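Novice: Spelled out from the first residue to the last, the chains are:
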Amino acid sequence: MNVKLVFNINMHNILFKYLLKIICLSQIFFFCTEVYGQDLSQNVTINLKGATLKEFFKQMEKQSSFTIIYRDVVISEVKDISVNVKNKPVSSVLEQVLSPRGLTYQVTNKTLVILKSGGNLGPQESKRKITGRVSDEFGEAVIGANVFVKGSSTGTTTDLDGRYELNVGNGDALQFTFIGYVPQEVRVGAAPVINVTIKEDVRGLDEVVVVGYGTQKKLNVTGSIAQISAKDLVKAPMTSVTNMLAGKLPGLISTQNSGQPGSDQSSMVIRGAGTFNDSSPLLLVDGVERSFNAIDPNDVESVSILKDAASASVYGVRAAHGVILVKTKRGSTDGKSSIKYSGSYTFSTNTRFPKFLNGVDYAKWHNKARELDGNEGYFSDEEIDKIQNGDPDGVLGNTDWTGALFKDFGGTQQHNISIIGGTDKFQYFVSGGMMDQDGIIPNSSFKRYNLRSNMDVQITNELRFSVDMAGRNEDRDNPGFNIAPNNEYNPITQAIRVLPIIPKEYNGLPTATGEGASTWNPLAGVNDSGFSQNDRSVFESSASLEYKVPFIKGLKAKMFFSFDKNYTETKTFLNKYNVAKYDPATGTYATTQADGTGTSSLFQSSSSGQMLMSRPSVEYVNTFGVHDLGVLFLYEYRETRGRSFQASRRNFLLDAIPELPFAQEDTPNSVKGGSSNTKTAGYVGRLNYSYNKRYLAEFSFRYDGSYKFHEDYRWGFFPSFSAGWVMSEESFFKDAFPKVDKFKIRASVGELGRDNISDFLYKRFFSLTSSPSYAFGNVPDATYVLYTTNSVPSYNLTWEKTRTVNLGMEFVAWNGLLSADLDVFYKYTHDILEKVAGLYPPSISNNYPTIRNSGVVDARGVELVLGHRNKVGDVFYSVNGNVTWARNKVLSRTQNANIPMWKNIIGKPIGGVYGFHALGLYQTEEQLQNRPSGPGGVQRLGDLMYEDINGDGKIDLDDQIRIAGSHTPEMMFSLNAEATWKGFDIGLQFQGAAFCDIITSGLYPNGVMDQTEFARAFYGGGNSPYYLVEGSWTPENTNAKYPRLGQAWNGNNGWTSDWWVVDGSYLRLKNAQIGYSLPKKVINRLHAQNMRVYVAGTNLFTLDGLDFMDPEMPSNNNGYYPQQRTYSVGIDLTF
Amino acid sequence: MKKILYAFLVSLCISSCNLEVDPRDQYSDAVAWQNEEYLDLYVKGLYAALRDNAEIYTDMFSDGYSDILKYSISNLNSSTNQNKILQQENFITPSNGALSTWGNYERIKRLNEFLYDVDSKTAHLDPEFVKVRKAEVRFLRAFLYYKMIRNHGGVIARLHNSGVDGGLDNEKDVSKARLSEADSWNFVISELDAIAPELAAKIQWDSKNTGRITQGAVYALLTRCALYAKQYDKVIAAGNALEALKVYELSADYNSVFKNITNKELILTVAFEAPSYVHFHDRKFRPTGDMADRGGWACPTEELVGKYQIKEGDTYVDFNWNNPAHKADPYANREPRFYASVLYNGARWNNRTIETFVGGKDGYVDFDFSSNKPACVTGYFMKKFLQEGNANFDQSGSDAYWVELRYAEVLLNMSEAYAQSGNMPKAYEYMNKVRTRGGALSPRNSGTNLDVYLTYLMDERMLELAFEGHRYWDLRRWRKAEEVIDGQRAHGIKIVRNGTTLTYMKVVCDDSNRHFPEKYYYIPVPSSEINNNSACEQTIPW
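So the sequence lines, in the order shown, correspond to chains A and B. Going by my numbering, the first sequence runs without a break in its numbering and finishes at 1137. Going by my numbering, the second sequence runs without a break in its numbering and finishes at 545.
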């Protein structure tokens, strides 16, 4: 069999070659078992001493392709079997062992039935052969389903095609069972063939969810947990798991701010912001605090989010804003192994990017703008003609710079090979992957190579050992000019600033335009500016030893260790290069060095971090009749260490070797380094109890300590209590609502913490100035000085606390036709750390604790999931929708006592933006005459008119009001629809957000208020998008969306005002995919289990109020990297 | 096996429950007191209190609030508030910190921290060494308080041991009243009196430590503070004590006082060193013709320049624009201090000639309050602290030193004190010591009329101490500010060149009248203090 790769793969890639080898080897292995697996002549090698019959059978099963079952036979537990055979046929070995014990066997398909000697099945008249097929609702074969004759031990399991064969007597009943499915019983009639369709158990009785430090049956969960498994997660190929979660988990609010390779992860908050400090959730992978942004999505088994205090309280002082648990895949115990290859190729383009003026239109609009300013236009008709029709001197031109910068598409290839398998003694999951993402602009890429191996070994009946190891390498490459919003020479910024009226080259040099000293040419900026490399290696490992305490059923002790290490190297070479700069005012070129490149400089840094964690635990789980009891107690200790080093040199005479020794001089004060150390520990306890599987109760706590706090205030106690009632198990309920399959209500209450404060606020420090700062001497000699760095140490600082009350309901009815999950919550976060300002007179300076735990924020919200699944004919479909809404409110925060009412933030949601209220554009001279003074800048017809809120005749900072809410949405919703028909599957995911604002102009990170290229024509002396010039106020277009067209800078329109606020709500087709799974017949011929090919797309279309840019873009976004729309083709192949 | 496991678990718990971590990137508070070397680094850090009051470093030349220096710009930042204060009637308010020195409390707190700790943490160090450091820090604190009293009147005494806990004032000591102005001066003067003997060993520091507080600096500051406090005996006593040190002498060459940090006239300087520790005085105040878009933040006025005497024959006489001989070549033959202090049209500068005529390289431009472009608005530039040969001033900054205290000022302080105590001969003797240095100018004739003496003294201080941060505060001290500033407009010289002919026109260079309401004699206490400290009363009539 050949795996033909349809994608253009770099064959020099060693790793990939390696993976190919694995595929080939595995095929050979597969052939072996297939060829020899059919008959009794296959050879086995068995060496047993003092074993039981059962153990012997197990060995036989392992080495042959037979499943051994026994019927009407009592199997002795005596350890009296001793066999030592080498490459002997199955038949003879069985003979050797069975006959002395009065037993014999019979072969049915691949099942060996052990019988009493003389108890041959065949001749028995009352028995006859029944065959059939077990399939699921999709019509898919159910492999490995158990088929048993009721009341006996006679039975078999279904094969790869879902088929079974069994000898039964008349009047027997067949029982079909499979985990996760509703058992079915069929009475044997006259028909020789019994085909059954088994249905998935919609109540999810066996469904297990990942909870803190373990798993739990979903039915028993009393906290608020949302989980998604790999099947639903990896729909379309994406490079970051964070981006796959959007809209999939109720309670999660995520925004993807950038499309830059390697930096395109989503920011995530659970149930909205709960504090005005950092609100990000705690992230754990396989029980260890680790980022999962960069792990291979193919390794993920499930992602759970713990939303309320009951589910998260075991994480104590870190968990106030929720926990996200990622579990990676593990091996199986069924004795089988499978190899899976997943590969995809993805094309990406910008979701949106506004179209910028071409040369001719630029010249015309620019002339018009200057005319409106009362100046003469720069461009004569003759020049415009040259721009349009070509300039024989090559001075003028017509260049589409954004078109030249953005490639037609970026390409991403992803490949993963995993092997999953094992027996009840040894389970393994091994996975290797590579990802190569090329950005939409040149020289911007992200490459990742990863390996993972998760192994479990049952050493003895009591001892189980697990070891997990994962490593990955992430390489991010970018041009020397960083692609980041608000970075002056970001190539995207250069593309939207450079004027379109020049050719790309002049006299063999790249051209440029630019205001003042600036030089803009995106192609040179991306190709000639050097490079910026970020290489990160991550190693993650865990090992655990679990000991089942004998004699006490259900008691286990476990020791878990984890050690992670990461190493990051960055190297940025900013190369100087020359451009021919065009001055539109004079119409001439001058050769100049590209601005911002200085004397070529090289910056190099490295940092490493390591984490050590140990976690001894004791767990007790047992059932006493109708009482189910679970107890967990553990201790966790975690320590991290970090180290960093950096240096920079500059002035390269030759730039051929960008290495530090080849530079001419050191960059002053550039050699730096540091190290860090953190320690935390916690004691965790959990007690859960259920009565008759109906009444559930759980108590858990964590007693947590963090190095961040003073010894006397270091430890905190975080308890929670929750309860649930599975009402649908009550007989009265079943009688009253027979159509309801599951109905559960639950409630929880608890308190959590968050230690997101700076280190060591309880200590007083000195610092040596980083550069000399006083000079003494006859020949003055500047000297470094020591100075105290912080104010009064705050000994009694403590963590933020969040109290959460959660009520939830789970409902399934009409056999899955309708399901609903509902959660409502109230969160009260207090002791939020904040700076104290304006409360004390300046004469005591800062000689008081300047930070304290005094802020209070509350939040409330609701999450609703509705599901519907059905089968119509051959079509099986499901529709699943969820909506999350969370609103917060500041209840207490220090602010100046004299603050005007309209600026008061108490009672308002977090993250508001303050600015002027724009009344509109000045349309009459009269309006101009009567305007209040300020706030700065010229005010003419068509300029923005602001409201004088306090009526004092002038517009100043006192007139700023809350004009916009947070950029983080208050509401997220999504709708997932899926359908399958025969081998085809189709899926659509709509996802959206509401109650959020975007500001297209306003406050920059450096505190300056100004517009952007997307809000003011010819901003910064650059080009403009069409929508902007066409929508700007001119005497001919007074009912305009944008203020007066002009070329000269005008500060008036740049103030932050509600004129620039756009509703950030959107609805987008986040994912769509169509797949086709090859029919089993074809697959089997390929010796594969499954093969699916698919095409998929993300961000396919968007409905929103921001017509020209992506609604997830950051506010104030000069030159941000646009979000990407992707189209993928891929294949999943399982052997 | 089980036992081993349990023992392991238990030991793990115990060993790792201590979560104490020491930071790896910051010095603990023990380091500053570890040895004399480190302690000296700590004390040197506290000198930032002096540096932050050096006008050459802050770009806030207080002469710009007065009649002798005119800022050309109004709205760059708070260091160019001069025109707003002069031209906007209600610019200074309790909520606008212009001219407020109340922020000195931040540095005072740092100094208090040192003074609180020094006694308990230095037992292992040489007591003599510690004594000197303590005196230096007390001097710095007295200096900051002097600036606050000068601007605001009475201050709140926040000391290292004035809190209810016996240490620094903290959140329990919020409410505390201001001292009277007289008591405030008494506090500063008594501090300086107490410090002086502690520095007996530091009449001079070694050459590596020039710029640190000496006994002479204490006496010199005493003469200044006592003069402000009108304690004339104190001025004379301190001045005599300083003279008795026999360390200081007037320099025959006025210009070298500002160019040579070892000049014996200097008592306390604030030094800089290029390229690691600089200010940008040249970038902001050089003649505008030196570099495009640089220089010209402030220009001396004709009020100042007109007072520099001109030589007729062998003697210097008062300059007069109505005198055709004077007007024909107005900038020739002025007294030496003129050439050291002011750049004018025709002056040699940096291998070129200054051109302040209209359209010249450094050309005159009419002042416009709303314009934000630095320019020559009076026809002159400040020369005193510029570094002529500093070629790379724009990139690398400047390292000219600031003169905080010098002998000439002490002599003038003493002269004024003698006059106020009725000793006119001594008053003239001390004034003329300064005036006649280098032998150029002739002495003022002695007499007994105090008013006549004072007109001489005021001019002498104006010319001698130009741009050194005295004029505005002297005008306030003499209660002359309303007369000299309020309702007035400053003047400049607009020169029009026609061929080789220069026409000089005395022009008004303010575009509105200046304001100095009476209440400006005390700058208001910031409203943040009044609002949060119930015992603190605002100065009347604010």
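Just so you know, the hints here were simulated from the structure itself, not pulled from any lab data. Heads up, some of the hints might be wrong.
Unchecked claim - Below, simulated DSS-like cross-link-like pairs (lysine-lysine); rule was C-alpha separation at most 30 Å, straight line: (1) A/K674 with A/K338; (2) A/K956 with B/K376; (3) A/K765 with B/K376; (4) A/K905 with A/K803; (5) B/K211 with A/K837; (6) A/K765 with B/K330; (7) A/K131 with A/K370; (8) A/K370 with B/K376; (9) A/K873 with A/K765; (10) A/K765 with B/K124; (11) B/K211 with A/K674; (12) B/K124 with A/K803; (13) A/K956 with B/K436; (14) A/K370 with A/K51; (15) A/K905 with B/K237; (16) B/K522 with A/K956; (17) A/K765 with B/K137; (18) B/K175 with B/K314; (19) B/K522 with B/K179; (20) B/K522 with A/K765; (21) A/K1083 with A/K338; (22) B/K179 with A/K837; (23) A/K233 with A/K88.
Said to hold, decoys possible - Just a few of them, taken from the derived set where beta-carbon distance is under 10 Å, the chain B residues facing chain A: (24) P26; (25) T213; (26) A244; (27) N501; (28) G502; (29) T503.
Computed from a predicted model, the values in this text were never measured in an experiment. Every residue, glycine too, gets a C-beta built ideally from N, C-alpha and C.
Novice: Would the pair B/K124 and A/K803 pass a check requiring their Cα atoms to be no farther apart than 30 Å?
Specialist: Violated, because 39 Å separates the two Cα atoms, which is more than 30 Å.
Novice: When you check the alpha-carbon spacing of A/K873 and A/K765, does it fall within 30 Å?
Specialist: violated, 66 Å
Novice: Decide if the proposed pair is consistent with the structure: A/K956 and B/K376, CA atoms, cutoff 30 Å inclusive.
Specialist: holds, 25 Å
Novice: When the nearest CB of chain A is found for B/T213, is that gap smaller than 10 Å?
Specialist: holds, 5 Å
Novice: For the pair we were handed, A/K1083 and A/K338, check the Cα-Cα distance against 30 Å.
Specialist: holds, 20 Å
Novice: Would the pair A/K765 and B/K124 pass a check requiring their Cα atoms to be no farther apart than 30 Å?
Specialist: Status holds; Cα separation ~17 Å.
Novice: If you take the shortest Cβ to Cβ gap from B/P26 to chain A, is it below 10 Å?
Specialist: holds, 5 Å
Novice: Are B/K211 and A/K674 close enough, with their CA atoms no more than 30 Å apart?
Specialist: This hinted pair holds, its Cα atoms lying about 29 Å apart.
Novice: Are the Cα atoms of B/K175 and B/K314 separated by 30 Å or less?
Specialist: violated, 65 Å
Novice: Does the closest beta carbon of chain A sit nearer than 10 Å to the beta carbon of B/T503?
Specialist: violated, 34 Å
Novice: Are the Cα atoms of A/K370 and B/K376 separated by 30 Å or less?
Specialist: Distance ~28 Å between A/K370 and B/K376 Cα, so the pair holds.
Novice: For the pair supplied as a hint, A/K765 and B/K330, is the alpha-carbon distance within the 30 Å limit?
Specialist: violated, 69 Å
When each numbered hint is compared with the structure, violations occur for hints 1, 3, 5, 6, 7, 9, 12, 13, 14, 15, 18, 20, 23, 26, 27, 28 and 29.
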